[in-house]
Amino acid sequence: MLAFVRGAARQTFSAASARSPRAHSRIQSFSSLIGDCLENSVQKIPHKEALRSIKQDIRWSYKELNKFVDELAHGFKDFQLEANDVIAIWLSNSAENLVIQFAAAKIGVTLAVIDPLISSPEELEHVLHDSKARTLIFEPFIAGRNQTKIVEAIFPELQTYVQRQEIFRPKRFRHLHSVISTGAEEEEGIIPFHGIFVNSPEPHIMDFAKRKVNEQTPYLISYTKSEKGLPQKSEVLTQGEAFKQAQHIIKTMNVSIDDKILLEDLDKGHSFAPIAAACQSSLLVIPASEPSQEARDLALKVEPCTITARGATSLQRIKA
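Going letter by letter, the sequence shown gives residues 1 to 320 in full-length UniProt numbering.
Hint data in this document are derived by calculation from the structure and do not stem from the laboratory.
Here the structure is a predicted model, which is why all the values come from computation and not from measurement.
Don't take each hint at face value.
Listed next, with one range per pair, are the computed distances between beta-carbon atoms [as the list claims (entries may be wrong)]:
1) P46 - N84: 25 to 33 Å
2) H248 - R145: 30 to 38 Å
3) H248 - R172: 34 to 42 Å
4) E185 - S120: 17 to 25 Å
5) G311 - E215: 18 to 26 Å
6) E188 - A83: 27 to 35 Å
Straight-line Cα separation of at most 20 Å, PhoX-like style, residue types lysine-lysine; simulated pairs [to be verified]:
7) K171 - K132
8) K55 - K301
9) K77 - K132
10) K67 - K44
11) K132 - K233
12) K210 - K63
13) K67 - K48
14) K319 - K301
The beta-carbon is built from N, C-alpha and C at its ideal position, and this holds for glycine as well.
Could you build all of it, start to finish, from the sequences and the hints given here?
This is the structure in structure tokens:
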């Protein structure tokens with residue numbers, strides 16, 4: 001299990017406790033902000049299972065998931081991240097990715113999602129410059145690729161600033177002030193992901209931060225690998241637009257509280273399925289960080305899913 005979830009309570013839910021009194025696919029009535037989707041499920045049915053990450057051995061209720069999200073959101077605030085600031089994330093399909101997406105949305109921070117296929121220092125450097133990201137959160141290894149070495153190649157200051165008792169301000173990235181790894185191993189100058197969570201956060205801090213968030217708040221920019229040169233940048237997606245994508249999934253797939261959505265793969269680092277799941281209080285199942293038939297078969301064996309999701313909006317009902 002990854003470092004940031006060690007010690008977290010894991011619960012086994014019976015079919016009776018996980019089932020709603022009356023399943024339905026009606027879209028719940030609340031604001032079209034991503035963070036509110038999650039909080040609505042917490043208020044409505046806090047002990048309903050929200051996330052199961054098979055390979056990571058994680059099972060969280062909506063209350064537990066929201067707790068991690070709030071602690072991370074407060075950690076972002078401690079890093080002086082404000083609404084409209086940008087966090088670049090270079091991650092695979094994981095619980096960390098999910099928590100980051102909801103935490104950023106709650107305080108209005110924009111995500112620059114880096115395609116996991118991006119694999120060179122030049123590509124990463126372009127994304128960080130173009131997005132003006134203030135923070136980079138990355139996974140140490142994706143598809144066997146050592147991403148820590150790529151990060152260290154563009155930030156030589158990581159090896160020296162701690163020993164010199166300096167503030168991390170890389171010369172070629174003046175806008176960026178922190179580099180964070182989701183790995184369990186500590187690396188020189190790199191902040192461990194589990195170390196930025198704030199225990200017992202003050203409610204008024206979150207309440208104040210949420211006042212700055214609305215439907216027009218930028219939510220996501222994606223950078224996809226291009227065989228012709230530098231990564232391609234998408235249009236900026238607002239929270240309201242992301243919410244509409246989730247609504248479309250709910251209506252098209254008739255998603256209900258009793259559904260279990262298997263998130264097989266991300267579309268170049270992102271999917272709208274988690275937002276749809278949170279809106280409907282459904283269970284999201286992550287089989288593994290990287291898609292494979294073996295991981296899919298194991299996930300379906302231990303958790304009988306009803307919907308499979310691949311990419312941003314590609315979902316399909318699983319035949320019984």
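Hints, verified against the model:
no.: 1; hint: P46 - N84: 25 to 33 Å; in the structure: holds, 31 Å
no.: 2; hint: H248 - R145: 30 to 38 Å; in the structure: holds, 34 Å
no.: 3; hint: H248 - R172: 34 to 42 Å; in the structure: holds, 41 Å
no.: 4; hint: E185 - S120: 17 to 25 Å; in the structure: holds, 23 Å
no.: 5; hint: G311 - E215: 18 to 26 Å; in the structure: holds, 24 Å
no.: 6; hint: E188 - A83: 27 to 35 Å; in the structure: holds, 32 Å
no.: 7; hint: K171 - K132; in the structure: holds, 14 Å
no.: 8; hint: K55 - K301; in the structure: holds, 13 Å
no.: 9; hint: K77 - K132; in the structure: holds, 18 Å
no.: 10; hint: K67 - K44; in the structure: holds, 15 Å
no.: 11; hint: K132 - K233; in the structure: holds, 13 Å
no.: 12; hint: K210 - K63; in the structure: holds, 19 Å
no.: 13; hint: K67 - K48; in the structure: holds, 14 Å
no.: 14; hint: K319 - K301; in the structure: holds, 14 Å
In summary, the structure agrees with every hint in the numbered list given earlier.
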